[in-house]
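Chains A and B, in that order, are what the protein sequence lines are. Read in order, the letters of the first sequence are residues 51 to 271 in this note's numbering. Read in order, the letters of the second sequence are residues 15 to 234 in this note's numbering.
Since the hints were derived computationally from the structure, they do not count as laboratory data. From the three backbone atoms N, C-alpha and C, an ideal C-beta is built for every residue, glycine too. Among the hints, erroneous ones may be present.
Taking lysine-lysine pairs in the DSS-like style, the calculated list, with each CA pair at most 30 Å apart, reads [to be verified]:
| id | chain 1 | residue 1 | chain 2 | residue 2 |
| --- | --- | --- | --- | --- |
| 1 | B | Lys152 | A | Lys189 |
| 2 | B | Lys68 | A | Lys194 |
| 3 | A | Lys148 | B | Lys48 |
| 4 | A | Lys173 | B | Lys136 |
| 5 | A | Lys105 | B | Lys164 |
| 6 | B | Lys157 | A | Lys95 |
| 7 | B | Lys227 | B | Lys68 |
| 8 | B | Lys48 | A | Lys184 |
| 9 | B | Lys227 | B | Lys58 |
| 10 | B | Lys147 | A | Lys189 |
| 11 | B | Lys196 | A | Lys194 |
| 12 | B | Lys232 | B | Lys136 |
| 13 | B | Lys98 | A | Lys201 |
| 14 | B | Lys227 | A | Lys148 |
Which chain B residues stay away from chain A? Per the calculated CB distances, all over 12 Å, these [said to hold, decoys possible]:
| id | residue |
| --- | --- |
| 15 | Val57 |
| 16 | Ile72 |
| 17 | Asp177 |
| 18 | Thr202 |
| 19 | Ala213 |
| 20 | Glu216 |
| 21 | Pro218 |
| 22 | Asp222 |
| 23 | Lys227 |
| 24 | Asp230 |
| 25 | Ser233 |
Listed below are the residues making up each chain.
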Amino acid sequence: MDSEKEQTQHLKLYSYWRSSCSFRVRIALNLKGLNYEYIAVNIMKGEQFHPEFVKLNPISYVPVLVDGDCVLADSFAIIMYLEEKYPQCPLLPGDLQKRAINYQAANIVCSSIQPLQNIGVLKFIEEKVSPDDKIPWVKYHIEKGFTALEKLLKDSAGRYATGDEVSVADLFIAPQVHSAITRFEVDMSQFPLLSRLYEEYKELPAFQDAMPEKQPDYKSP
Amino acid sequence: ESEKAQTQHLKLYSYWRSSCSFRVRIALNLKRLKYEYVAVNIVKGEQFHPEFVKLNPISYVPVLVDGDLVLADSFAIIMYLEEKYPQCPLLRGDIRKRAINYQAANIVCSNIQPLQNIGVLKFVEEKISPEDKLTWAKYHIEKGFTALEKLLKDHAGRYATGDEVSLADLFIAPQAYAAITKFEVDMTQFPLLSRLYEAYMELPAFQDAMPEKQPDYKSP
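Starting from the given sequences, assemble the full structure and let the hints guide the process.
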């Protein structure tokens with residue numbers, strides 16, 4: 051049983067309800083039992099470009115974590131930081147090869163899928179190509195990445211992506227599957243392993259509480 | 015630091031011009047790890063051949079084979095090398111220093127490079143215009159580089175986060191190289207990155223990893 055590292059500092063998370071990158075970090079914070087202040091950044095209204103936010107993250111993306119005097123952006127960096135600083139509910143397995151699979155799976159999502167579907171890229175396609183090209187573009191990249199994940203995790207998945215405990219890979223997969231289903235009309239029946247994992251995620255309070263619809267800044271369509 | 019004996023035969027599937035492969039080549043050189051270079055010509059589509067797809071289902075280079083482990087994605091490979099071969103550590107110092115390294119690395123590998131890879135550039139060229147390719151790539155590079163300049167301002171020493179080479183440098187060097195040689199980025203806007211780049215060029219581990227030094231290099 052890992053000792054629960056006392057939360058002596060006030061954690062702040064700059065987040066947008068629908069941001070899948072923010073969703074990843076919300077899951078991590080919940081799993082580790084860390085309380086935090088939720089600060090909404092409305093990226094649809096361009097609040098990420100306000101000078102005070104740019105000071106926190108010069109590339110103007112959410113999420114940003116503030117932990118005392120440490121200001122950190124990028125969901126992967128934040129999750130690794132939380133993992134190192136707050137060891138309760140460890141998110142990386144001990145075995146080196148399993149850890150490597152986690153990094154690879156996480157990066158399939160955060161380098162090969164999500165950057166191609168963020169707000170700036172979609173706006174570009176809408177304006178320079180056509181609004182109708184947006185969904186096919188995103189679906190193509192999601193399906194390419196999901197096909198890879200199905201193959202990558204085939205031999206390592208247990209109840210969760212790389213075994214019977216939740217790990218880093220799950221934190222990246224869950225929000226990506228959520229957006230694939232709710233925003234981009236991806237037919238998940240092509241991806242039986244990811245579909246099964248998603249059903250497992252939905253059972254966990256840490257994931258439920260991190261869902262976009264549960265956030266203070268959620269806006270129903 | 016103790017040098018972990020290289021008991022297995024390492025293979026790296028790489029393309030000379032791939033900046034993701036370049037990152038891993040630097041890491042292998044820094045850790046003094048010998049490897050067999052297996053060229054994958056991504057311009058000719060060799061990444062879609064069934065044998066390669068078996069190694070990496072998303073069809074990207076680089077791929078590392080270490081004994082019976084097959085691993086893709088440059089970030090995952092570098093973390094694996096860091097954990098398995100501790101000589102010349104790439105992540106040292108306190109937790110905040112490591113966090114800055116992860117953030118800088120991800121600015122490159124999530125915010126810049128995926129938007130300038132071969133598939134995305136092809137899309138822009140075909141659906142919009144060939145001229146837009148360069149504009150698009152420059153936009154994302156300059157956005158990321160502006161962020162890196164600010165992020166590293168208070169942390170840089172001789173290298174990105176201090177006076178020793180670290181994870182961030184492995185990501186910055188190939189991106190700066192691509193910015194200069196492929197995408198006509200005016201690096202005078204980025205004095206810190208320009209200075210770092212000059213420092214990288216002094217290091218054999220970086221020099222030997224350069225695209226022009228690879229077995230499959232093709233001069234234009």
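Results for each hint:
no. : hint                : result
1   : B/Lys152 / A/Lys189 : holds, 25 Å
2   : B/Lys68 / A/Lys194  : holds, 14 Å
3   : A/Lys148 / B/Lys48  : holds, 24 Å
4   : A/Lys173 / B/Lys136 : holds, 18 Å
5   : A/Lys105 / B/Lys164 : holds, 9 Å
6   : B/Lys157 / A/Lys95  : holds, 20 Å
7   : B/Lys227 / B/Lys68  : holds, 28 Å
8   : B/Lys48 / A/Lys184  : violated, 44 Å
9   : B/Lys227 / B/Lys58  : holds, 20 Å
10  : B/Lys147 / A/Lys189 : holds, 22 Å
11  : B/Lys196 / A/Lys194 : holds, 27 Å
12  : B/Lys232 / B/Lys136 : holds, 20 Å
13  : B/Lys98 / A/Lys201  : holds, 24 Å
14  : B/Lys227 / A/Lys148 : violated, 33 Å
15  : Val57               : holds, 19 Å
16  : Ile72               : violated, 4 Å
17  : Asp177              : holds, 22 Å
18  : Thr202              : holds, 19 Å
19  : Ala213              : holds, 22 Å
20  : Glu216              : holds, 28 Å
21  : Pro218              : holds, 27 Å
22  : Asp222              : holds, 25 Å
23  : Lys227              : holds, 26 Å
24  : Asp230              : holds, 23 Å
25  : Ser233              : holds, 30 Å
Of the hints listed earlier, those the structure fails to meet are numbers 8, 14, 16, in rising order.
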